[in-house]
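From first to last, the protein sequence lines are chains L and P. If you count the first sequence from 1, position 114 lands on 114 in the numbering used here, and the numbers rise without skipping. If you count the second sequence from 1, position 17 lands on 17 in the numbering used here, and the numbers rise without skipping.
These are calculated hints, taken from the structure and not from any lab test. For clarity, every value in this text was computed on a predicted model and none was experimentally measured. Ideal placement from N, C-alpha and C gives every residue a C-beta, glycine not left out. Keep in mind that the hints are not guaranteed to be accurate.
Cβ-to-Cβ under 10 angstroms is the rule here; a few derived chain P residues that face chain L [as the list claims (entries may be wrong)]:
1. Arg36
2. Thr51
3. Arg64
4. Asp69
5. Ala75
6. Pro80
7. Tyr153
8. His198
9. Asp201
10. Leu205
Derived EDC-like pairs (lysine to aspartate or glutamate); straight-line CA-CA distance at most 20 angstroms [as the list claims (entries may be wrong)]:
11. P/Lys110 - P/Asp69
12. L/Lys18 - L/Asp413
13. P/Lys186 - P/Asp174
14. L/Lys269 - P/Asp69
15. L/Lys495 - L/Asp413
16. P/Lys110 - P/Asp201
17. L/Lys269 - P/Asp72
18. P/Lys186 - P/Asp71
19. L/Lys269 - P/Asp71
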Amino acid sequence: MSSPAHAAHHAPQSFVRKYLFSLDHKVIGIQYYLLGLFSVLIGVSLSLLMRFHMVNPNVSVAWLGKLWPTAAAGGVMTPELYLSLMTMHGTIMVFFVLTTVPQSGFGNYILPIQIGAEDMAFPVLNMMSFWTTFLALVVMVAAFFVQGGAPLSGWTAYPPLSGAGPLTGPGEGLGQTLWIVSIAIFCGASLMGAINFIATIVDLRCKGMSLMRMPLTCWTWLVTAILGLLGFAVLLAAGVLLILDRLAGTSFFLPGGMMINDHIIANHKGGSPLLWQHLFWFFGHPEVYIAILPGMGVASQLLSTFSRKPIFGYKAMVYAILSIGFLGFLVWGHHMFMSGMNPYSAMAFATLTMCIGVPSAIKTFNWIGTLWGGKIHFTTAMLFALGFVSLFVTGGVSGIFLGQPALDLYFHDTYFVVGHFHMIMGVAAIFGMFAGTFYWFPKMFGRMMNETLGKIHFYLTFIGVYCIFTPMHMVGIAGNPRRYADFTNVEYLAKLIPVHQFMTYAAYFTAAAQLIFLFNLVWSWTKGPKASANPWNCTTLEWTVPSPPPHDNFGGVHPVVYRGAYEYSVPGAPRDFIMQTEPLPVPSGD
Amino acid sequence: MPASLTHDILHGPPPPIDTGWGGGDDGGGAGRGASRAASFTGLFVLLAASTMAFAALTSAFVVRRGLSDMDDWVAVHYPPILFLNTAILLGSSFVLDLSRRALKAGDRSKFNSYWSAATALGVLFLVGQAAAWYQLKQAGVFISTNPASSFFYVLTAAHAFHLIGGVAALVYVDVQALRLRLGPAKRTAIDVTAIFWHFLDGLWLYLMVLFYVWG
């Protein structure tokens, strides 16, 4: 076990110790952020290729042929290549963007400061966690470059496809093996991170920072860490079994009597593909909350700050976060209604799934309650927080349909599901990241981002994502199957092709709009106006220190907290916000 | 620590104290004991993760066992050396605690010899596990032979993987002790290592029950 922060480490001098193998949670947070940024560029590029192929399945593109001489011979993508792009898009987005940036990126940077700690509990473990994640990304991306290319089995890697080896398809040789190895490494990294987050929140809060005075962001990082801890441990175990099925000839998940591409598979028998699904989704559903919970925390923080009002129902929010975390472990079966499960089991999973609607609705109600009657400041960060709430509601409502076994049987393999999870897990979570970026950028880099560019970026993105993903629900209802590389020759889907063209153009448009964000990020990083310590007039501890904060966060001072995190517009107070560190004169709202 | 967790929730925020660092543990005390407390929290969280991983493997074991017909799942004749290994592992835990008691009583040299003995027993356990694998291999039972053998190899390997980490921690403490570097800060390392080691005992006993009762 690495030594805790209190064996305080000094500010490093050399480049390598300062920026590469840094123990400073702030540097590590930025490293995670940049890793996520790199990953999202890959992920978005893959999705654009997919959208292109879907509406131009037979158009030859010369550079595609150069990139993939076999899989896109003559410049036309094979269905297998399409599936490998889909697999890698999903995997990279879910693991290296949605899991990494909100928790490990922002969480690492902001959490210790928000609770008044000098660093995370185990700085060395923290550094190892980042570099292990980096290694996992390298192994994952390497899958593109090996014989046969990237795997085809989707981010869920269902056996037998993912377990039976190269016979099942071009990417199912070394590519799939690298995929599983990368995921196993990623699990190890996430476990290290989760241990650090939990120990930090439990033990390193400063004087007066009781749990119920923590900003809601900290609560979401705590619960996300718990979900990661329990979920990734299970995925790691399942991944090991899958690797053994592939490499050691075991039959955990592979059944007997398989006939694959005219070959009889004789060396496996008795395994259960459903067993993988259970283990995978026991991780996979909490993973959805790992992606979205930190976004909820950011939205709560921002809605309160920019409405200049205390968060509506702080305690209810905390209990809602906790119950979402708890219920998240009981509903994995709703991803498997199609598996032929007992209808009574399906009923139980459906009922529990509906239960998650309750804390989710509490949160939404409280967000609206926070906005109600507030003096709303429409900063870019606030716009993205509002966008988060919008997308969360839209994506959540379609989840209620999918939670019904009878409806899911129809919807499950259609674009309805693609639209649903992109809305809630993809785009909503990414809006949380955008909100966090605009909100914390001044703290992290000491400069302000450009608000005009930010707002243009917000509106284009907000409109763009609705244009991409709303029609997906419609084509899904019309019966358009997902995961198909080409359906231009299917008669009953012919009428839907214009809708797909619209979605593809919307995807190009939205992706292009992200260039504004990238420009804003780079430009502001180098040339943005200097940020003060507290540019948004916030109450939480990270805004009591200079931007960016010194190496030990508080410059040798040990902060003491006297009040809750959201004391805005307190009657009788001289300003419309009271910092958590301000001692008494105004009666506290606790 | 968990005590302050519930304390916070039940008793609300603590009164403001302006002494800064340290002093009491009312609600969020990043005081002098914090690094020790964080080490214990980190340990227990790690144990929770390991428990989850073994729970996942157990559920896979139970499901796979339930799905199997008679000629698929063939019970493995576990090598009897496993019982000897069990005794060695339990013995190492026992000696480890003698060692901690010696330290409490202030007897450093006794601590050193007991701790070294416990470390040696830990290594011996690993050797014994390797011997068990070798015997199985000689009997023609490999990881891919049938699901019972697959699970035996997977579970024992996962346990051994944890144990290697435990032995590394034992060796670390031992080296520090023999080099007379066992200051008060290292007491945390001693306690954390010992708790982890006892956990591995419990885990092993659980696996033995799983093998012999359900396998």
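Now the hints, each set against the structure:
A least Cβ separation of about 8 angstroms between P/Arg36 and chain L falls short of the 10 angstroms threshold, and the interface hint therefore holds. With a least beta-carbon distance of about 8 angstroms to chain L, the hint placing P/Thr51 at the interface is held under the 10 angstroms criterion. The beta carbon of P/Arg64 is positioned within 10 angstroms of a beta carbon in chain L (closest approach about 6 angstroms), and the interface hint is therefore held. Below 10 angstroms, beta-carbon pairs count as interface contacts, and P/Asp69 has one with chain L at about 8 angstroms; its hint therefore holds.
The beta carbon of P/Ala75 comes no nearer than 15 angstroms to any beta carbon in chain L, farther than 10 angstroms, and the hint placing it at the interface is violated. Hint on P/Pro80 is violated. Least Cβ distance to chain L is approximately 25 angstroms, over the 10 angstroms limit. Annotation: P/Tyr153 was flagged as interfacial toward chain L, and the flag holds, the nearest CB pair being 9 angstroms apart, inside 10 angstroms. Violation of the interface hint for P/His198 is found here, the shortest Cβ-Cβ separation to chain L being roughly 16 angstroms, above the 10 angstroms cut-off.
For P/Asp201, the interface hint is violated, the least distance from its beta-carbon to any beta-carbon of chain L being 19 angstroms, above 10 angstroms. The interface hint given for P/Leu205 is violated, since its Cβ lies 20 angstroms from the closest Cβ of chain L, which is over the 10 angstroms cut-off. The suggested pairing of P/Lys110 with P/Asp69 is violated, with an alpha-carbon distance near 55 angstroms, which exceeds 20 angstroms. Taking the CA atoms of L/Lys18 and L/Asp413, the gap is about 48 angstroms. The hint is violated against a cut of 20 angstroms.
Annotation: proposed proximity of P/Lys186 to P/Asp174 holds, straight-line Cα distance about 11 angstroms (limit 20 angstroms). Restraint check for L/Lys269 and P/Asp69: the C-alpha separation of about 11 angstroms stays at or below 20 angstroms, so the hint holds. For the suggested pair L/Lys495 and L/Asp413, the alpha carbons sit about 19 angstroms apart, so the restraint of at most 20 angstroms is met. Between P/Lys110 and P/Asp201, the direct Cα distance comes to roughly 23 angstroms. Violation of the 20 angstroms bound is thereby established for this hinted pair.
For the suggested pair L/Lys269 and P/Asp72, the alpha carbons sit about 8 angstroms apart, so the restraint of at most 20 angstroms is met. Taking the CA atoms of P/Lys186 and P/Asp71, the gap is near 53 angstroms; set against the 20 angstroms cutoff, the hint is violated. Of the pairs offered as hints, the one joining L/Lys269 and P/Asp71 holds, with about 11 angstroms between alpha carbons and a cut-off of 20 angstroms not exceeded.
Hint check: violations occur at hints 5, 6, 8, 9, 10, 11, 12, 16 and 18; the rest are consistent with the structure.
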